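Peer 1: Assemble chain B onto chain A, guided by the hints.
Quick mapping for you: the protein sequence lines, in order, are chains A and B.
According to this note's numbering, the first sequence holds residues 1 to 113 in order.
According to this note's numbering, the second sequence holds residues 1 to 117 in order.
Since the hints were made in silico from the structure, they are not lab data.
Source: prediction; values computed, not measured.
There's no promise every hint is true.
Stated by the list, open to error - Within a straight-line C-alpha distance of at most 30 Å, the following computed DSS-like cross-link-like pairs (lysine-lysine) qualify:
#	chain 1	residue 1	chain 2	residue 2
1	A	LYS110	A	LYS69
2	B	LYS7	A	LYS42
3	B	LYS65	B	LYS7
4	A	LYS100	A	LYS42
5	A	LYS100	B	LYS65
6	A	LYS69	A	LYS58
7	A	LYS68	A	LYS58
8	A	LYS68	A	LYS100
9	A	LYS110	A	LYS42
10	B	LYS65	A	LYS42
11	A	LYS100	B	LYS7
12	A	LYS42	A	LYS58
Stated by the list, open to error - Covered stretches of chain B, going by a simulated chain A footprint (3 or more residues, C-beta under 8 Å):
#	stretch
13	3-12
14	36-44
Built from N, CA and C at the ideal position, the CB exists for glycine as well.
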Amino acid sequence: AQSVTQLDSHVSVSEGTPVLLRCNYSSSYSPSLFWYVQHPNKGLQLLLKYTSAATLVKGINGFEAEFKKSETSFHLTKPSAHMSDAAEYFCVVRTSGTYKYIFGTGTRLKVLA
Amino acid sequence: SAVISQKPSRDICQRGTSLTIQCQVDSQVTMMFWYRQQPGQSLTLIATANQGSEATYESGFVIDKFPISRPNLTFSTLTVSNMSPEDSSIYLCSVDVGLAGRYNEQFFGPGTRLTVL
Chain A
1 AQSVTQLDSH VSVSEGTPVL LRCNYSSSYS PSLFWYVQHP NKGLQLLLKY
51 TSAATLVKGI NGFEAEFKKS ETSFHLTKPS AHMSDAAEYF CVVRTSGTYK
101 YIFGTGTRLK VLA
Chain B
1 SAVISQKPSR DICQRGTSLT IQCQVDSQVT MMFWYRQQPG QSLTLIATAN
51 QGSEATYESG FVIDKFPISR PNLTFSTLTV SNMSPEDSSI YLCSVDVGLA
101 GRYNEQFFGP GTRLTVL
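In isolation and in its complexed conformation, chain A is listed as follows (with noise of 0.2 Å):
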């Protein structure tokens, strides 16, 4: 069964530095994977996605992600981190043949000022 693992339910980072939220996949074919931002209290919002273009996607707000093949990854990143940035974040695959969308258990990124 495809699936996502999101491997820290929590991530603190101090606000300029680096952000690395994980996210692996298992998957028999070339999978659809998307990052969600949700904020306190909002809705969800569509980060990015990789849909077997460019191996390395940029998003919004300074985010991208690289899909690794051989490490079977599409880790989150963002060069510097700002106060706006805490949120919930979600891995999501789009699973081959059903076509459903499951989400990872949710990263915590908490930025410290």
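Peer 2: This is chain B only, laid out in the frame that chain A set:
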């Protein structure tokens, strides 16, 4: 893209009652999904609802508890039946849309915040 509305946006219900949540999309879509997001948790897929067929439920979810209707390509309902406090969650509908470049993307409704007393 797709714009999705949900009704109600929130409700407070008594245990043992049922609530029907409506999901309206501004364009015709084949695949719709219903998710539950319990407090502080990720999204859990309840079922996939395709027009013209029975909904497909994920492990741990059953039709008697979460009956779903999908009468046409722009509308769906989810009923939470015989509610208990454990059903207190945000319920979201979403759709799968094919975009230019032959890739698909998911769009979400704003969610229905349900509190069961």
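Peer 1: Check the structure against each numbered hint from earlier and tell me which ones fail, lowest number first.
Peer 2: 13
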